[in-house]
Amino acid sequence: PLSYFLFREKPSKNFLLGLAVSFAGIALLMSGKFSISSTGNFKGELLAFLASVFYGLFLLSVYKVRLKVDAASIMFISGMGSIPVLLVTAGISEGIMYPQTFKELFILLGLALCSQLLGQGLLSYSLGKISVSLSSVIILTQPVFAAIYAYFLFAETLTIKEGLGIVIILTGVFYAKKTPSHSQAIS
Numbered sequence: 004p005l006s007y008f009l010f011r012e013k014p015s016k017n018f019l020l021g022l023a024v025s026f027a028g029i030a031l032l033m034s035g036k037f038s039i040s041s042t043g044n045f046k047g048e049l050l051a052f053l054a055s056v057f058y059g060l061f062l063l064s065v066y067k068v069r070l071k072v073d074a075a076s077i078m079f080i081s082g083m084g085s086i087p088v089l090l091v092t093a094g095i096s097e098g099i100m101y102p103q104t105f106k107e108l109f110i111l112l113g114l115a116l117c118s119q120l121l122g123q124g125l126l127s128y129s130l131g132k133i134s135v136s137l138s139s140v141i142i143l144t145q146p147v148f149a150a151i152y153a154y155f156l157f158a159e160t161l162t163i164k165e166g167l168g169i170v171i172i173l174t175g176v177f178y179a180k181k182t183p184s185h186s187q188a189i190s
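In case it helps, the numbering used here puts the sequence shown at residues 4 to 190.
No wet-lab data here; the hints were simulated from the structure.
Take the hints with a grain of salt, since some may be wrong.
Keeping only pairs whose Cα atoms sit at most 30 Å apart, straight-line, the calculated BS3-like set for lysine-lysine is [claimed, not checked]:
| no. | residue 1 | residue 2 |
| --- | --- | --- |
| 1 | K67 | K132 |
| 2 | K16 | K132 |
| 3 | K71 | K164 |
| 4 | K181 | K46 |
| 5 | K67 | K164 |
| 6 | K164 | K13 |
| 7 | K71 | K13 |
| 8 | K180 | K46 |
| 9 | K180 | K132 |
Pairwise CB distance ranges, derived in the manner of DEER restraints [said to hold, decoys possible]:
| no. | residue 1 | residue 2 | range |
| --- | --- | --- | --- |
| 10 | L114 | L20 | 14 to 24 Å |
| 11 | L161 | I80 | 33 to 43 Å |
| 12 | K13 | A93 | 37 to 47 Å |
Beta carbons are placed, not taken as given, at the ideal position from N, Cα and C, and that holds for glycine.
The task is simple: from the sequences and hints, build the whole structure.
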């Protein structure tokens with residue numbers, strides 16, 4: 004983990020085991036969905052990968068800032084700081100769009116409130132309470148919840164392989180969080 008090199012936080016054996024198990028579960032859960040092919044998915048896959056890199060950098064930066072600044076201030080500054088970048092990007096790539104109906108407005112407000120305020124706000128708050136390494140493993144549960152939500156909200160099917168991937172991910176997170184027992188700490 005990058006936090007070892009940046010912050011000298013040495014991960015425990017349980018953490019490394021949990022991380023490896025979680026990655027195996029992610030690979031199993033996503034194995035039917037992810038493919039780099041010439042069918043046009045490459046651009047989307049590349050953008051998703053870049054988003055994960057920037058998300059990791061966000062976690063690392065918020066982790067240290069959170070020790071000195073409250074979560075609400077971080078969310079306000081990061082939100083206000085992203086507005087100019089997003090406006091320019093939207094203007095160049097697709098043009099600036101405005102909600103045309105109340106339904107579109109409520110969807111936009113729902114995204115802002117649920118994703119940004121609740122999701123990112125609670126994540127920023129938790130980074131003041133747990134290590135960045137542990138939070139990065141806990142975040143690996145996002146595909147689990149996405150799959151479960153998709154099952155209930157959009158009638159998506161979950162295969163046995165995907166269900167097994169979910170169980171493996173949660174097992175990995177459990178081991179990453181688990182502190183070594185006294186006998187393991189001595190050895």
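Here's how the hints hold up against the structure:
For the given pair, K67 sits about 11 Å from K132 by alpha-carbon distance, which is consistent with the 30 Å threshold. A C-alpha spacing of about 21 Å is found between K16 and K132, which places the hinted pair at or below 30 Å, so the restraint holds. Restraint check for K71 and K164: not satisfied, since their Cα atoms lie roughly 44 Å apart, outside the 30 Å limit. The suggested pairing of K181 with K46 is violated, with an alpha-carbon distance near 38 Å, which exceeds 30 Å.
A hinted pair counts as satisfied when its Cα atoms are at most 30 Å apart, and K67 with K164 does not qualify at roughly 38 Å. The straight-line distance between the Cα atoms of K164 and K13 is roughly 33 Å, outside the 30 Å bound, and the hint therefore fails. Between the alpha carbons of K71 and K13 the distance comes to roughly 22 Å, so the proposed pair stays at or under 30 Å and holds. A C-alpha spacing of about 35 Å is found between K180 and K46, which places the hinted pair above 30 Å, so the restraint is violated.
As the CA atoms of K180 and K132 are separated by approximately 13 Å, the hinted pair is consistent with the 30 Å bound. Between L114 and L20 the CB atoms are about 36 Å apart, so this pair departs from the stated range of 14 to 24 Å. Distance hint check: the CB atoms of L161 and I80 are about 39 Å apart, consistent with the given range 33 to 43 Å. Distance hint check for K13 and A93: the Cβ-Cβ separation is about 42 Å, which falls inside the suggested range of 37 to 47 Å.
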